[in-house]
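Remember, the working numbering sits 26 above the position in the sequence shown when you count from 1.
Mixed in with the good hints, there may be bad ones.
As the list claims (entries may be wrong) - Simulated restraints on C-beta separations:
(1) GLU45 <-> GLY72: 14 to 22 Å
(2) HIS38 <-> ASP71: 15 to 23 Å
(3) GLY66 <-> ILE91: 13 to 21 Å
(4) ARG112 <-> GLU45: 24 to 32 Å
(5) GLU45 <-> PRO104: 18 to 26 Å
(6) TYR113 <-> LYS31: 31 to 39 Å
(7) ALA106 <-> HIS38: 18 to 26 Å
(8) GLN61 <-> ARG116: 27 to 35 Å
(9) ASP115 <-> GLU89: 28 to 36 Å
Keep in mind that the hints were calculated from the coordinates and are not lab data. Since we're looking at a predicted model, the values are computed, not measured. Heads up, the beta-carbon is just placed ideally off N, CA and C, and yes, glycines get one too.
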Amino acid sequence: MAIEKQIRIDRHAYVRYCERVEPIGWQELEHMLQQQLADGINIQDGYLRTGDIWWRAEVTDDEVIIHTCYGRTHIDIPQAVKWAKRYRDRLRLGSYAD
27 MAIEKQIRID RHAYVRYCER VEPIGWQELE HMLQQQLADG INIQDGYLRT
77 GDIWWRAEVT DDEVIIHTCY GRTHIDIPQA VKWAKRYRDR LRLGSYAD
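Using the sequences and the hints given, assemble the complete structure.
Have a look at this one:
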């Protein structure tokens, strides 16, 4: 299912993307996400996965709000977050420099 809405990236999400994935211009990131969402990326339970990058996102009537970027990973972030909450633990999310 393609999502055809405006993208709004919170500053926190932009900063985390630049730290955890790669430095990028704000408009370039917006354009990249808009293209990926137009290609049919789905948001489920507030989590968005674009390729191997996980995000926390919210869908409203007219936009997709990106709240944070968890970074590039092969793990299932929603399941990892649930596990961390259950065991009162935290996830260590690295940066692109790690």
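Going back to the hint list, which numbers does this structure go against? none
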